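Student: Residue-level listing of the chains:
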Amino acid sequence: MTRADLLRRLVDLGLPVNAASERLEPVPAQASWVVRSLLGVMGWLGGLMVLGFFAMFVSGLLDSQPGLAVLSVSLFVGAHALYRAAPHHDFANQAALAASICAQALAMVLFFKLMGSRSHTQVALLVAALQLGLVWWMPNYLHRLISMFFAVTALFVAAERGPWTALVLLAVAGAFAALALTESRWMARGQRDRVAPAWAGLALGLLCAGVAHATQFDRVAVLPSTIWTGMALSFAFFMYCLYAMDGVETRDRQYGGMAAMLFWMAAFRAPGLIACALVLIAAFRSGRQAFVGLALIALLGTLIGYYYQMDATLLKKSGVLALCGVAMLLAWGGHRRAYPGAKEGA
Amino acid sequence: MSAAAPERAPLRDVSRADIDHWTHAGLFDAAQRDAALRLVGATPDAAAWHRFLAQLFLFSGTLFLTAALGYFVAYNWNAMGRFAKIGLLEIAVAVPAILALVMQDGLQRRAALCGAFLATGPLLAYIGQTYQTGADPWELFAAWSALTLPWLVVARWRPAWAVWLVIVNVGLQLYLAEVWQPVVLDWRESAHLASVIVVNAVALALLERFASAIHGAGRIAERLCVLAIAAGATLLFCLFVMDSQVRQAWHLPVAALALGLTGWWYRARQLDVVALGFVSLGVIACAVVLTAKVLSELHFKSGAFLFGGMVAIGLSAMAGQWLTRLSRGQEAA
Chain X
1 MTRADLLRRL
11 VDLGLPVNAA
21 SERLEPVPAQ
31 ASWVVRSLLG
41 VMGWLGGLMV
51 LGFFAMFVSG
61 LLDSQPGLAV
71 LSVSLFVGAH
81 ALYRAAPHHD
91 FANQAALAAS
101 ICAQALAMVL
111 FFKLMGSRSH
121 TQVALLVAAL
131 QLGLVWWMPN
141 YLHRLISMFF
151 AVTALFVAAE
161 RGPWTALVLL
171 AVAGAFAALA
181 LTESRWMARG
191 QRDRVAPAWA
201 GLALGLLCAG
211 VAHATQFDRV
221 AVLPSTIWTG
231 MALSFAFFMY
241 CLYAMDGVET
251 RDRQYGGMAA
261 MLFWMAAFRA
271 PGLIACALVL
281 IAAFRSGRQA
291 FVGLALIALL
301 GTLIGYYYQM
311 DATLLKKSGV
321 LALCGVAMLL
331 AWGGHRRAYP
341 GAKEGA
Chain G
1 MSAAAPERAP
11 LRDVSRADID
21 HWTHAGLFDA
31 AQRDAALRLV
41 GATPDAAAWH
51 RFLAQLFLFS
61 GTLFLTAALG
71 YFVAYNWNAM
81 GRFAKIGLLE
91 IAVAVPAILA
101 LVMQDGLQRR
111 AALCGAFLAT
121 GPLLAYIGQT
131 YQTGADPWEL
141 FAAWSALTLP
151 WLVVARWRPA
161 WAVWLVIVNV
171 GLQLYLAEVW
181 QPVVLDWRES
191 AHLASVIVVN
201 AVALALLERF
211 ASAIHGAGRI
221 AERLCVLAIA
231 AGATLLFCLF
241 VMDSQVRQAW
251 HLPVAALALG
261 LTGWWYRARQ
271 LDVVALGFVS
281 LGVIACAVVL
291 TAKVLSELHF
301 KSGAFLFGGM
311 VAIGLSAMAG
321 QWLTRLSRGQ
331 EAA
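Protein chains in written order, with our numbering: chain X, 1 to 346; chain G, 1 to 333.
Just so you know, the hints here were simulated from the structure itself, not pulled from any lab data. Accuracy of the hints is not assured; some may be wrong.
Covered by chain X, per the in silico footprint, the following chain G stretches (three or more residues, Cβ under 8 Å) [stated by the list, open to error]:
1. 193–207
2. 253–259
Computed beta-carbon distance windows for the label pairs [what the hints assert, rightly or not]:
3. 331(G) / 87(X): 17 to 25 Å
4. 256(G) / 77(X): 50 to 58 Å
5. 333(X) / 102(G): 27 to 35 Å
6. 1(X) / 294(G): 52 to 60 Å
7. 130(G) / 312(X): 44 to 52 Å
Chain G is nowhere near these chain X residues, computed Cβ spacing over 10 Å in every case [unchecked claim]:
8. 3
9. 6
10. 81
11. 159
12. 179
13. 185
14. 228
15. 239
16. 286
17. 287
The structure displayed is predicted, hence computed values, not measured ones. Here a beta-carbon is modelled for each residue, glycine too, at the ideal position from N, C-alpha and C.
Generate coordinates for the entire structure from the input sequences, incorporating the hints supplied.
Tutor: This is the structure we're talking about:
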C-alpha cells in the first residue's frame, strides 16, 4: 500500500492525518532480527574479550575499587558519546556496545567488592537498577534491548527463588502486558526509541522465565512453579487478553475471553506455558513475526523441560497437559462453531 | 493533509518502520498508528486472527494431548496394566492416522498426521522399556524417524519436517556415541561434527529441491539445517585450530567447504538473509578463534583478547551492514 492509498483509507475510516503529505517521508528499513542477533552476540563477545584484555593488561585492576569505578564510568560515557556521535555507523555502534558490556561487567565486580561477595541479592538489585538506567540513557535499540533483558534477569536473580519470585514475575509480565497494550500511545508521545526495545527485552525475559520454570539446575528448578507464580502469570495473561479485545465486537470478546480463561485455568500449574502464551499472543497482535516464532520455540522447550521438573509427579503433569490439550481443542471446536465462515488456513 | 495531495515520495509500499517514524514525529496519533498498521498488513486483521487462532488451538491441543500421553505412560502407573497402556498408545497412533486417511488435505489432516507422528515416539519408547528388546536409545529415534517418514511426506508441512530433522539428528548423534565411540556424547569428536554437516546438507538439498511442495512456517526447516551446518563447521574449524591432539587434515577443508558453499548458495543462487546471517556468525567466530590462537601462540595473550574482541566487533559490524543492504535490496526488488 502506497502512502497516498494509506492516507485515503485513513480518511475513509474517519482518521484523517493533519500533516502535510510531503512531511511523511519514508525511512530506510530497519535491520532484521537475524542482523540484530548477530550484532548482539558479537558485541557481547567483543565486550567480554576487551574486559579480558583489561584484566590481563592492567594488573591489579580488578582489586582496585576506584580503578574499577573510573574505568567503568569512562567506558559508559565513551559508549554513550559514540552512540550520539555516530548513530548510524555500524562499527561505532558495535564498539560502543562492546565498551558498555565491558563497563557493565566491571560495574558488577565493583558492586560485589562494595557489598561483599555473599550479597547476591543486593548486587542483583543494583545491577537491575543500573540496567534500567541504561535502557533510559543509551541511545541505541540493541543496547536498550539487551539492558532490559539483563534487568529482568537480575530481578529474578535478586528474588533467589523465594517468595519474591512471584512478585517479580507479576511485575515483569504486568509491565510487558501494559507496554504491549499502550505501545501506540507511547510512540505518539515520542518514545519509540525506548518502547520498541523495552518491549523486545521484556518479551525475551518473559520467555526465558517461562523456560526457566521447566529447567533444572542441580536437580532444582531454576524458577519455582508455585501457586503464586501461576497466579501472577495467569492474572497478567488474562488481563492482557481482556484489554487487548477492548473495542472489538461483543461476540468476539466473549469468545476470546472464554478461550483465554479456559487456557489459563488448565495451564495454571504450568506457569511456563502461560508466560510463552502471553508473549505469543502479544507478538502476533503487534505483528512481530520473529517473536511469534521465538515464543513457539520457547513453548516447545518448556514442554520438553516440564517433563523433568521435580515439583510435581509425572501423573500430575500429564493431567495438566491433558487439560490444556482438551481446553485448546474445545476452543478450536467453539471457534469453528462460532465462526463457520472463517478460513482456517493450511 | 489532503488525501489527494501529490505523491512525491518514492511509490514503494508503506512499511511498519515508516508508520512508527511518523508516529514518533507526531504526525500520527495512537489511533491512526493502530489503523495504519492494520491497513498495511503489519498487524493482523480479523481474518488473520481467525486463521492464527484456529491453527494455534488445533495444533497446540494436539501437541499437549500427545505430550500428556507420553508423560502418563512414563509415570508407569501400576493401576493400569501393560496391555491397557500399549493399547492406549496404539489408539493414540492409529486413530489420528485413520482420521487422516479419510480427511481432505488441509489443516485438520495435518494436525492428525502430526498427532500420529508425535505419538509414535512414546509408543516405541514404551515397547522398548517394557519388553526389554535390547534396543539402544538410538534405535528408538531411528525407528521413529523411519516409520513416520510416509506420514510426513503426505502432510507436506514444514514444522513437522523441522521436528523430524531434530529427531534424525538426535538419533544419529546417539548412534555415533553408542556404536562408534561407546562413550558419552562428545562434541570434540570430529565424526560427530562431520555427520551433523553431511546429514543436514543432504536434508537441506532435498528440502530446497522440493520446497514448493511443502507448506507452512516460512523456511523454518531449511534454516534449521543451515544453522546446524554452520554450527558443525564452526566447531570443526575451532577443533582444528585449538586442539592439536585431535587435529586432522580434512577438518579445515570440510569446514571451509561447508561454510563457503552454504554462503555462496544463499547469496548467489537463492538469496536468504537469515541463512547468510547464520553463516556470517560462523565465519566471524572462526576468525575470532584464529586471531586469538595465533596471538596467544606468539605469547601475546593480552593482545589475543584485545584483537580477538576487535575482530568480533569489526567483522560483525561489516556483516550487519552487508546483510541489511542485502535485505533492503531484496525488499526493493
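Student: Next step is simple, just say for each hint if it's right about the structure.
Tutor: Status of each hint after checking the structure:
Counting residues of the segment 193–207 of chain G whose beta carbon lies closer than 8 Å to any beta carbon of chain X gives 0, which falls below the threshold of three, so the coverage claim is violated. Here's how the segment 253–259 of chain G fares: 0 of its residues keep a CB closer than 8 Å to some CB of chain X, so the rule of at least three is not met and the hint is violated. The given range of 17 to 25 Å is respected by residue 331(G) and residue 87(X), whose C-beta atoms sit roughly 22 Å from each other. Range check, residue 256(G) to residue 77(X): about 42 Å between beta-carbon atoms, so the 50 to 58 Å window is missed.
For residue 333(X) and residue 102(G), the hinted distance range of 27 to 35 Å is not satisfied, since their beta carbons lie about 18 Å from each other. A hinted range of 52 to 60 Å for the beta carbons of residue 1(X) and residue 294(G) is consistent with their spacing of about 53 Å. Between residue 130(G) and residue 312(X) the Cβ separation comes to about 24 Å, which falls outside the hinted range of 44 to 52 Å. For residue 3(X), the shortest C-beta to C-beta distance to chain G comes to about 6 Å, within the 10 Å cut-off, and the non-interface label is violated.
Consistency note on residue 6(X): stated as away from chain G, yet its beta-carbon is not over 10 Å from all of that chain's, at 5 Å minimum. With a minimum CB-CB distance of about 17 Å to chain G, residue 81(X) clears the 10 Å threshold, and the non-interface call stands. Annotated as non-interface, residue 159(X) keeps its C-beta farther than 10 Å from every C-beta of chain G; the closest such distance is 28 Å. Separation of residue 179(X) from chain G is adequate, the least Cβ-Cβ distance of about 13 Å exceeding the 10 Å criterion.
A cut-off of 10 Å between C-beta atoms contradicts the statement that residue 185(X) is not in contact with chain G; the least separation is 5 Å. No Cβ of chain G approaches the Cβ of residue 228(X) within 10 Å, the least distance being about 24 Å, so the stated non-interface status holds. For residue 239(X), the condition that its CB be more than 10 Å from all CB atoms of chain G holds, with the nearest at approximately 19 Å. Distance check on residue 286(X): its Cβ comes as close as 6 Å (rounded) to a Cβ of chain G, failing to clear the 10 Å threshold; non-interface status is violated.
Taking the minimum C-beta to C-beta distance to chain G, about 4 Å, the non-interface status of residue 287(X) is violated against the 10 Å cut.
Going down the numbered hints, you'll see the structure goes against 1, 2, 4, 5, 7, 8, 9, 13, 16, 17, while the others check out.
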